[in-house]
Amino acid sequence: METSLLLGIATFAFITSVTPGPNNMMLLASGAQFGFSRTLPHMLGIVFGVSMLLLSVLLGLGVLFQLYPVMYSVLNVAGAAYLLWLAFKIASGPVTGISSEDGRSTKPFTWWQAALFQFVNPKAWMMALGSVSTFSLPGNNYAESGAMIMLAFALLGLPAISLWAGTGAKLRVWLNNPRRQRGFNLVMGAATAATLLLIVEV
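Everything in the sequence shown is counted per this note's numbering, starting at 1008 for the first residue and increasing by one.
Be aware that one or more of the hints could be misleading.
Each computed DSBU-like pair below joins lysine-lysine, with the alpha-carbon atoms no more than 30 Å apart [claimed, not checked]: (1) LYS1114 - LYS1177; (2) LYS1096 - LYS1114; (3) LYS1096 - LYS1177.
Source of the hints: derived by calculation from the structure; they are not laboratory data.
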């Protein structure tokens, strides 16, 4: 594979992973609520879920959306509805004990919840369909190029999304005030919902 293609894959993987979207807004909120270490399974689940989504598209799932565009519309609606529900949960999250290690009434996403979320995450579909349609090579090079796409998202996606969880974790000390917590939860909920404006086709 040419170096320019590898560079293109790496750039696309990093930029789409690090830019704002449902995953990163949720990681920012989770980092602030639970800390970096407790958010790690969420991050690993995202990486695993994106890898499985890419593999599904590489194996031909993306063709179904070309043959039956209504399926993609249904996915967008389902993903948007679930994302709005998550945004509500973030906005209405608890505002006491955020810095306490005991008595927490909520839990961070597990790795499998985060992995499954990718299949209804409109931005994850955009990333998967966009990368495969742009960077996969035909013929005998298809498998190799597909593997490189998956590897790029795995290697560059994790540090990219870690920046968001880490930023959230740094805010934990500042969020020891219930009023600040409430404001932060509302802003994060609104920001999570607002990502729909960037990624869902109208």
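Keeping to a limit of 30 Å between CA atoms, is the pair of LYS1096 and LYS1114 held or broken? Judged against 30 Å, a Cα distance of about 12 Å means the pair holds.
Can you confirm whether the C-alpha distance between LYS1096 and LYS1177 stays at or below 30 Å? It holds: about 22 Å lies between the C-alpha atoms, which stays within 30 Å.
Pairwise hint evaluation, LYS1177 against LYS1114, where the allowed Cα distance is 30 Å at most: Distance of about 19 Å is within 30 Å: holds.
Checked against the numbered hints listed earlier, the structure breaks none of them; every hint is satisfied.
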